[in-house]
Amino acid sequence: MAEAVLRARDLARHFGGLKAVDGVSLDLVPGSIHAVIGPNGAGKTTLINLLSGDLPPSAGSIAFDGREIAGLPPERIARLGIARSYQRVNIFERFSALENCRLAAQAATRHGWRLLCPARRARQLDARAERALAQVRLEQPARIAAALSHGERRQLEIAMTLATNPRVLLLDEPLAGMGAEESTRMAALVKALAQDHAVLLVEHDMDVVFSIADRLTVMVDGKVLASDTPAAIRANAAVQAAYLGSDEGAA
Amino acid sequence: MNANSNLERMLMIGGLILLAIFPLLAGKFYLQLFAKIMIMAIFAMSLDLLVGFTGLVSFGHAAFYGVGAYALWLASPKYAATSLYLSLPLAMAASAVAALVIGLLVLRSSGVYFIMVTLAFAQMFFYYVTGAKWLGGSDGVYIYVKPDAALFGWTPFSLENAASFYYLVLLALAATYLVLRLLAGSLFGHALRGIRGNEPRMRALGFATFGYKLAAFVVAGSLAGLAGYLDAAQYGFVTPDFFGWRLSGVVLMMVILGGMGTLYGPVLGAFALVLLQDSLSDATRHWLLPMGIFIILAVLLLPQGIGGLLRRREAEDG
Numbered sequence: 004m005a006e007a008v009l010r011a012r013d014l015a016r017h018f019g020g021l022k023a024v025d026g027v028s029l030d031l032v033p034g035s036i037h038a039v040i041g042p043n044g045a046g047k048t049t050l051i052n053l054l055s056g057d058l059p060p061s062a063g064s065i066a067f068d069g070r071e072i073a074g075l076p077p078e079r080i081a082r083l084g085i086a087r088s089y090q091r092v093n094i095f096e097r098f099s100a101l102e103n104c105r106l107a108a109q110a111a112t113r114h115g116w117r118l119l120c121p122a123r124r125a126r127q128l129d130a131r132a133e134r135a136l137a138q139v140r141l142e143q144p145a146r147i148a149a150a151l152s153h154g155e156r157r158q159l160e161i162a163m164t165l166a167t168n169p170r171v172l173l174l175d176e177p178l179a180g181m182g183a184e185e186s187t188r189m190a191a192l193v194k195a196l197a198q199d200h201a202v203l204l205v206e207h208d209m210d211v212v213f214s215i216a217d218r219l220t221v222m223v224d225g226k227v228l229a230s231d232t233p234a235a236i237r238a239n240a241a242v243q244a245a246y247l248g249s250d251e252g253a254a
Numbered sequence: 027m028n029a030n031s032n033l034e035r036m037l038m039i040g041g042l043i044l045l046a047i048f049p050l051l052a053g054k055f056y057l058q059l060f061a062k063i064m065i066m067a068i069f070a071m072s073l074d075l076l077v078g079f080t081g082l083v084s085f086g087h088a089a090f091y092g093v094g095a096y097a098l099w100l101a102s103p104k105y106a107a108t109s110l111y112l113s114l115p116l117a118m119a120a121s122a123v124a125a126l127v128i129g130l131l132v133l134r135s136s137g138v139y140f141i142m143v144t145l146a147f148a149q150m151f152f153y154y155v156t157g158a159k160w161l162g163g164s165d166g167v168y169i170y171v172k173p174d175a176a177l178f179g180w181t182p183f184s185l186e187n188a189a190s191f192y193y194l195v196l197l198a199l200a201a202t203y204l205v206l207r208l209l210a211g212s213l214f215g216h217a218l219r220g221i222r223g224n225e226p227r228m229r230a231l232g233f234a235t236f237g238y239k240l241a242a243f244v245v246a247g248s249l250a251g252l253a254g255y256l257d258a259a260q261y262g263f264v265t266p267d268f269f270g271w272r273l274s275g276v277v278l279m280m281v282i283l284g285g286m287g288t289l290y291g292p293v294l295g296a297f298a299l300v301l302l303q304d305s306l307s308d309a310t311r312h313w314l315l316p317m318g319i320f321i322i323l324a325v326l327l328l329p330q331g332i333g334g335l336l337r338r339r340e341a342e343d344g
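Sequence order for the protein chains is A and B.
In terms of the numbering used here, the first sequence opens at residue 4 and continues consecutively.
In terms of the numbering used here, the second sequence opens at residue 27 and continues consecutively.
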């Protein structure tokens with residue numbers, strides 16, 4: 004098995020007395036999908052926020068390529084090569100799809116004085132943005148983001164993370180609110196992206212999770228209940244009791 | 027987008043031509059009035075870079091206007107002229123430095139707090155200058171001789187001449203517009219718009235947004251200093267009111283009334299507000315009442331400002 008690129012150890016985040024994330028450890032390996040499942044309020048999104056730097060952890064360590072990154076601001080972590088998507092689509096509504104991705108590509112590039120060059124002539128950035136849009140198969144990139152359908156907005160959100168040239172993708176419910184056909188396509192896309200990225204996938208759609216994940220972590224009340232291969236998780240009695248049995252098929 | 031930027035270009039060129047031939051038609055009073063309006067327009071455009079493009083609502087922008095004005099006074103010998111080419115960059119640099127220092131402090135806050143903190147800093151300048159004897163205190167200071175445009179012994183124009191001064195201001199207005207327009211269309215400008223739209227998302231993408239905001243704050247501050255310098259040069263009289271919240275509020279109103287994030291909107295806002303005030307105060311002693319009604323109606327009926335009449339909604343950005 005390949006070396007883990009991102010290692011989290013005993014991560015914790017407390018909000019007052021509430022332990023949203025409580026001693027979570029996991030490894031993200033290039034070329035594989037590590038899914039995190041759990042009931043609502045289990046701390047899955049908080050975990051992504053900790054890994055992406057949107058929230059500083061209360062305790063624990065995060066090593067990226069062996070380098071400690073816990074507590075760094077989100078822009079530093081993003082520039083190291085860890086990109087995230089959001090549960091609620093988080094795009095620039097008044098920019099076109101291409102401009103959204105160009106902005107993402109720009110974020111990952113050092114510019115100096117070239118920042119003053121007209122955005123329309125930034126061909127390299129446009130090329131990278133177009134590549135990202137082609138990867139997610141979003142058509143007509145000149146359209147304004149606000150005019151896109153829900154599924155297309157999800158695609159754009161993923162394309163933006165890709166345009167930053169990341170090595171690690173943190174995807175927060177990329178299938179949320181999608182129709183069956185769109186879901187299938189998005190699942191295939193996530194699977195394809197895992198070929199050259201380390202993917203952390205938070206998702207409620209159990210069929211998808213069990214079919215594409217290489218490894219599963221089940222979280223309940225901020226803690227890791229189990230972490231194993233999908234087949235082993237399916238057979239795990241504690242998981243069945245705590246989660247799958249009572250809450251199966253929850254969207 | 028293209029149709030709209032063509033419209034905007036025609037508007038700007040048409041406006042520029044009208045302003046350029048205006049001195050042939052108008053007397054000295056109106057030349058001075060229009061020069062003053064154009065100075066306010068430069069000031070308003072500089073604020074638009076913060077409010078309209080970056081989403082930073084500064085209620086203390088007069089601080090940098092005042093620094094530019096006092097810088098001219100400091101650069102001027104008592105009964106002789108200072109060089110335009112030295113004192114103007116000096117004033118802008120002084121405002122830029124002030125903006126850098128203040129920006130480092132205030133840009134850590136956002137939203138309502140940002141409004142309050144910028145106001146607080148401008149008020150600190152106001153009270154300091156009011157009490158500072160070496161800056162003339164509350165009485166203000168006089169600049170007896172306007173800056174000299176002599177270049178190696180040759181004087182292309184004299185600022186004592188109202189028309190020459192008018193054209194200098196017009197040039198400054200055009201240059202400010204051009205600089206800000208290029209900046210808005212650059213990669214830097216697009217990042218600023220992203221910050222206005224959603225700063226946390228920009229950081230998640232990897233933008234060090236603080237640096238972008240600080241750069242915008244410094245550019246806006248130095249252009250406000252340009253406006254303050256021109257104001258001081260025009261009337262030769264500078265008081266602590268140059269730093270006052272009243273001026274910060276008026277310029278903010280020009281930006282909002284004219285249309286945020288458009289650059290030409292704040293120019294229209296400056297003209298509308300000053301000309302309206304001028305004609306209303308001629309017509310009635312109670313001019314503040316119709317003025318207030320006008321502003322309320324404008325905000326209700328034109329949520330995108332006067333400039334919004336000219337552009338379609340989907341062309342807002344991009």
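Quick caveat, the hints were computed from the structure, so don't treat them as lab data.
Computed from a predicted model, the values in this text were never measured in an experiment.
A virtual CB, placed ideally from N, CA and C, is assigned to each residue, including glycine.
Take these hints with a grain of salt, some might be off.
Covered stretches of chain A, going by a simulated chain B footprint (3 or more residues, C-beta under 8 Å) [to be verified]:
no.	region
1	22-30
2	81-87
3	93-99
4	105-112
5	121-129
Can you confirm whether chain B covers the region 22-30 of chain A, using C-beta to C-beta distances below 8 Å and requiring at least three such residues? Our answer is that it is violated, as 0 residues pass the Cβ test (under 8 Å) against chain B, missing three.
Quick check: the region 105-112 of chain A, covered by chain B? Criterion 3+ residues, Cβ under 8 Å. Holds, because 6 residues of the region 105-112 of chain A bring their Cβ atoms closer than 8 Å to Cβ atoms of chain B.
Between the region 121-129 of chain A and chain B, see if three or more residues pass the 8 Å beta-carbon test, and mark the coverage as holds or violated. Answer holds; 5 residues pass the 8 Å Cβ test.
Closer than 8 Å Cβ to Cβ for three or more residues is the test here. Does the region 93-99 of chain A pass it with chain B? Check passed, 7 qualifying residues.
When I compare C-beta atoms, does the region 81-87 of chain A have three or more residues closer than 8 Å to chain B? Since three or more residues must qualify, the claim that chain B covers the region 81-87 of chain A holds, with 4 doing so at under 8 Å.
When each numbered hint is compared with the structure, a violation occurs for hint 1 only.
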